[in-house]
Amino acid sequence: MDLLDQLWNGSGLAQMTLGQFAMILISLLLLYLAIAKKFEPLLLVTIGFGGLLSNIPGAEIATGNGLLHLIYEVGIETGAFPLIIFMGVGALTDFGPLLANPKTLLLGAAAQFGIFATLLGALGLSALGIMDFDLKQAAAIGIIGGADGPTAIFVAGKLAPELLGAIAIAAYSYMALVPIIQPPIMKLLTTEKERSIVMVQLREVSTLEKIVFPLLLLLLVAFLLPSAAPLLGMFCFGNLMRECGVVERLAETTRNALINIVTIFLGLGVGSKLGADSFLTVETLGILALGMVAFSIGTASGVLMAKLMNVFSAQPINPLIGAAGVSAVPMAARVVNKVGLEANPQNFLLMHAMGPNVAGVIGSAVAAGLMILITS
Amino acid sequence: MDLLDQLWNGSGLAQMTLGQFAMILISLLLLYLAIAKKFEPLLLVTIGFGGLLSNIPGAEIATGNGLLHLIYEVGIETGAFPLIIFMGVGALTDFGPLLANPKTLLLGAAAQFGIFATLLGALGLSALGIMDFDLKQAAAIGIIGGADGPTAIFVAGKLAPELLGAIAIAAYSYMALVPIIQPPIMKLLTTEKERSIVMVQLREVSTLEKIVFPLLLLLLVAFLLPSAAPLLGMFCFGNLMRECGVVERLAETTRNALINIVTIFLGLGVGSKLGADSFLTVETLGILALGMVAFSIGTASGVLMAKLMNVFSAQPINPLIGAAGVSAVPMAARVVNKVGLEANPQNFLLMHAMGPNVAGVIGSAVAAGLMILITS
Amino acid sequence: MDLLDQLWNGSGLAQMTLGQFAMILISLLLLYLAIAKKFEPLLLVTIGFGGLLSNIPGAEIATGNGLLHLIYEVGIETGAFPLIIFMGVGALTDFGPLLANPKTLLLGAAAQFGIFATLLGALGLSALGIMDFDLKQAAAIGIIGGADGPTAIFVAGKLAPELLGAIAIAAYSYMALVPIIQPPIMKLLTTEKERSIVMVQLREVSTLEKIVFPLLLLLLVAFLLPSAAPLLGMFCFGNLMRECGVVERLAETTRNALINIVTIFLGLGVGSKLGADSFLTVETLGILALGMVAFSIGTASGVLMAKLMNVFSAQPINPLIGAAGVSAVPMAARVVNKVGLEANPQNFLLMHAMGPNVAGVIGSAVAAGLMILITS
Amino acid sequence: MSGLLESGIELMMIGMGTVFSFLTLLVFTTRAMSWAVLKLGFATTPSQTNIGHGQAAGAGGQGVNTQQHVAAIAVALDTHLSTKNK
Amino acid sequence: MSGLLESGIELMMIGMGTVFSFLTLLVFTTRAMSWAVLKLGFATTPSQTNIGHGQAAGAGGQGVNTQQHVAAIAVALDTHLSTKNK
Amino acid sequence: MSGLLESGIELMMIGMGTVFSFLTLLVFTTRAMSWAVLKLGFATTPSQTNIGHGQAAGAGGQGVNTQQHVAAIAVALDTHLSTKNK
Ligand code: NA
Ligand code: NA
Ligand code: NA
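Residue numbers (the working numbering), protein chains in the order written: chain A, 330 to 705; chain B, 330 to 705; chain C, 330 to 705; chain D, 6 to 91; chain E, 6 to 91; chain F, 6 to 91.
So here's chain A without its partners, still in its complex pose (with noise of 0.2 Å):
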């Protein structure tokens, strides 16, 4: 019977490579920490599950006419989808706690050297001959470290696209692992009485100083740094249209059914560079190692800025604020308030850990736009 032998051929019992069957197990694993776990679920789930897709032989789904991979074509070899998700989380951002203690920022710039030490241990693996990455990959994974999806996702695809599977992937799986890995080198690099350490309160900050700063933002980004204006212009512009009052519904949208059609959308598009091929690499595995390590020299970089920052300054700082400068909004910040709670029931750390949070979103897009103008 032909039609038989047909629809044998067509199965994937028939079909399926052990690597796409690896890869499956490793979608259901992603699915798994997501929705069990809720590690960052809302792009863990829609990748994870595009993932699955994306391994189903003989569908096509993530491959020529396939809607996975139109989705990936169109929205994120375009840039489209992680600008317009930078958009919305400019709509969700509140700069308030920035504005009212400007000098956090340094905090958010400080927590960059993962970045940079990330791309030399990617570069070194390749001078010692274990892997094999060129400038741009060293740069599109050192990305990493600066623990903001979007970002990640927008530099590998203009720099690495064959690496952005592991590399959103590496991202998101750190952002969510962000209570787990912060903590111990927090309370390594501080003492008990530093943790302790109160904040002076923040002052409140007007609404006009709000609309002003994405427009002040911005014009510094378009005269000094322009390769980085797509992605902190889109941010500024979403947080704009939440401050400036004028254009609530538009806002609304930005940061409710736009962002969640697009992150639906992202993920799904992210998912299908998940193919067995392009993931299941000794690469793959340098980059979830070398993700770590930014991570954690993200951290520390803050920390230990943070304690130098405090003999200059008059008012004190507590220096677990400093690890909230690689950003993972708001998981960090929420990780120090924690850590802080811990060493003083009574110091809510919370709103002092935003200013960093946001200033670590800007400092990461900022360092994605000299990757992107040096290495391009």
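Mixed in with the good hints there might be a few duds.
Said to hold, decoys possible - Simulated restraints, written as ranges between beta carbons of each label pair: (1) B:Leu517 - E:Thr34: 29 to 39 Å; (2) F:Met18 - C:Thr610: 42 to 52 Å; (3) C:Lys367 - F:Leu10: 49 to 59 Å; (4) E:Thr34 - A:Ala618: 32 to 42 Å.
What the hints assert, rightly or not - Per the computed footprint, the stretches of chain B lying under chain A, defined by three or more beta-carbons under 8 Å from a beta-carbon of chain A, are: (5) 379-392; (6) 407-415; (7) 566-575.
What the hints assert, rightly or not - Capping the alpha-carbon separation at 27 Å, the derived lysine-lysine pairs in BS3-like fashion look like this: (8) A:Lys667 - E:Lys44; (9) B:Lys366 - B:Lys522; (10) B:Lys667 - B:Lys465; (11) B:Lys367 - D:Lys44; (12) C:Lys636 - C:Lys667; (13) D:Lys44 - B:Lys667; (14) E:Lys44 - A:Lys366; (15) B:Lys367 - B:Lys522; (16) F:Lys44 - C:Lys367; (17) C:Lys516 - C:Lys636; (18) C:Lys367 - C:Lys522; (19) A:Lys516 - A:Lys366; (20) F:Lys44 - C:Lys366; (21) A:Lys636 - A:Lys516.
Hints were generated in silico from the structure; no laboratory data involved.
Backbone N, C-alpha and C define an ideal beta-carbon position, used for all residues, glycine too.
With the hints as your guide, set chains B, C, D, E and F with the ligands onto chain A.
For chains B, C, D, E and F with the ligands alone, coordinates are given in the frame of chain A:
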């Protein structure tokens, strides 16, 4: 006056063909049925209006760079819109009743006999020389019997785009006619006593079962019939977002803003295939006639299967619920409930009919995957 | 150091032209007017920010594969975004006041004289050698007088994409200036006694009339002026979804999430045409001047037509409502109400002005269709 | 150049003629439609009574609302439309 | 032409065979899955108790609801699904 | 290969230098902006008082909230941000 000539030559009065005039009347009829009779209004209002726009002479809305043609190319030719609708349907579907009584899946299988009988009918008409359908076209026509709009549009777009307009119209029209088509067949094939059978109350289903089921279904598809993976994959993705509990904001957007937006454009895109040239053919009459046959046979197969199962089942099965196996969610299940109440005013069959109802969605997607695999 | 050179050469300070700097100031002015003065904020915030992004040197956001250029190509060059906005406006429009007093449609006709007078003015400036507009460009500039953003953008995209930025800016700026431009003209052309005229209360309109009206309008367009069918077709579609009562979930999404999403991208896309090269020309000054004339003439024609109708009408017509015929919904109707209340504090003209107001939308879409037919 | 002006004048006359003709025709067909709906009794078809977005659907003629009522509607409409997106 | 009919008959047999085989297999795997979840105690993992869209999540067996309760659910479901988009 | 390492080191130095320079400049311009807004009295322009998404817009200096107040805001913010999408 040249300009007056140009104005007259550009007018509809000067350019309209009899066929376009007829299609405008047909489009108005669809709108009347949708609005006054509430026939599947979400699709028939949008398709009907799309048909109206497509038959305005000289406006070229459904050709070239016209909006409706662009919508068709972007969303229907690629299969994207039916798949996104299916994701939305997944996010709206509760598999609870099916999980409480899995053997009702067999009713969803039996009702697919309508699909294959219709395929045979279409080929028979061709063998008799009355129509001229090839195997792909016959397969696409058969799927009307699946009583599932997005599935029919997806398959027609793949196998017989030239018949898409007629197939979509037939599918939604007969889905709307379920309350008229099904009851006589149901009553003919059952006795008053059978229709009065009270079924054992369904157990409650745990959340974990609801989370695992879409993954289980997708894995079976992946291993056995990957060609059904695009349709069932997106369906399972929507359902997993609904049930997993950690991405509620994505599920909410999927079953509201996203499915609504895509429904509007899907309807307009399908309407773009209602041009007089392609719709006003004898094939359309054949498709409408065959579609009616498909629904009737599907209903009868479902009911007869339920009677057969009742012979072997320890717990009584009311054969009426077999009719819900055609899908046409949730209309068919409501018809079952209504006919059941006529026989026994205390007998609420709605929940029991929801199992075969969603099983019918799975069954016709499986049949669709098979058709695509075999004929393309 | 090569890298430092690269950094400097990539900076805005090194690359910015005087024109780009001027356009950044103009964009900031638009944002100021939108936010501080509430000038049509939904569009001027998004267009203004798009203009800002488009003039960042080296960022290439509005050219090549930049996001704003992609948005422009996908949504504005195709005409899709203005048409979808028009669908949304249809879903927001209540034709009740118009149906209660259909002769106010004539006021919407008269006010379109602004369009054609402006066209003539643009050609006159060219004949005098001051500017250099051809017939298509003059037609696109004339449409500013229609006081209808999406219509102006749609027509400019078809007939004169190189002027789209200036035309959109002019259209929205003058729509925002309606409360300043119109009252002096209205007062100049009417006596205190005329402005005090109390109009007969409007009858209530049945739902069926509201359902049939958009279909009637579309059929007239189909038979008489198909080139207006894309604009008026989408407008009528949105309105039918609103009124028919059976697709409320689609209408709700159309007038909220969908119109908001498209507004954001329409604004950014229009902003991408504010590059210094194309915007900073003497033609832009001409367009701004002509746009102001267009509004003034449209307002005057509407008022004079209302005075003329008052001579023949059995029921009194307050000539102020003629000014609402330019559209600029709902601002113009509110201005009428305000000026009317100044003359007679008991005279609420808002409802009476809504008829000519939506009639102006129809009138300018008819004029747009005619322009497209004749000049292309 | 004056050829351009001439075609502009011609376009203006044709244009205003078309706009007025079209909208005048729309006035008459709208009146005919309303007459048909209200006087031929179509306004009581199911399509009217079953729909549900909360609008008064009364057939014409019973409207004896007070001036206050109209003012209230006007204010409500104004509020509604102030969120309207053009 | 009769070759077309023959392939139609073959497709019908293969097709119904596939549909029935697939859904029969799904019946068994679903039962196995439910058994594993309910009897092996997985139904009490955190993933179950932490989720929040308001559904009763009780493990099977305790269901002694009255007929009225089921009817109420049925009506609610019907109402819910009547807004469902297919 | 060591050429690659060298350019990595150079990129790291330029990179951290740029990031720090940029954010340091942002600290100063932000302070200048806040100073201008608050001390030059711009904070009372209409743009401030007319906007409506429910935030306290007080010009700086009056902040004498209690510790509890800050904690309440912190909790509210935390709740708000827990639904935030990154
Ligand atoms: Na960061
Ligand atoms: Na079905
Ligand atoms: Na107008």
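Run the distance test for Lys367 of chain B versus Lys522 of chain B: straight-line Cα separation, threshold 27 Å.
It is violated: about 33 Å lies between the C-alpha atoms, which goes past 27 Å.
Within 8 Å of chain A's CB atoms, at least three CB atoms from the stretch 407-415 of chain B: coverage verdict
It holds, with 4 qualifying residues against the three required.
Given the proposed pairing of Lys44 of chain D with Lys667 of chain B, does the C-alpha separation stay at or below 27 Å?
violated (38 Å)
Just to be careful, I want the Cα atoms of Lys636 of chain A and Lys516 of chain A compared with a cutoff of 27 Å; is the pair within it?
holds (13 Å)
Is it true that the CA of Lys667 of chain A sits at most 27 Å from the CA of Lys44 of chain E?
This hinted pair is violated, its Cα atoms lying about 38 Å apart.
For the pair supplied as a hint, Lys636 of chain C and Lys667 of chain C, confirm whether the alpha-carbon distance does not exceed 27 Å.
Roughly 19 Å separates the two Cα atoms, so the pair holds.
Does Lys465 of chain B lie within 27 Å of Lys667 of chain B when you go C-alpha to C-alpha?
violated (37 Å)
Hey, Lys366 of chain B versus Lys522 of chain B, does the alpha-carbon distance stay inside 27 Å?
violated (33 Å)
Need the status of pair Lys516 of chain C, Lys636 of chain C: alpha-carbon distance at most 27 Å?
holds (13 Å)
Using the Cβ atoms, figure out if Met18 of chain F sits within 42 to 52 Å of Thr610 of chain C.
holds (45 Å)
Measure nothing beyond the straight line between the CA atoms of Lys367 of chain B and Lys44 of chain D; if it is 27 Å or shorter, mark the hint as holding.
holds (25 Å)
Cβ distance range 32 to 42 Å for Thr34 of chain E and Ala618 of chain A, holds or violated:
holds (38 Å)
The structure fails hints 5, 8, 9, 10, 13, 15 and 18 (numbered hints given earlier, in ascending order).
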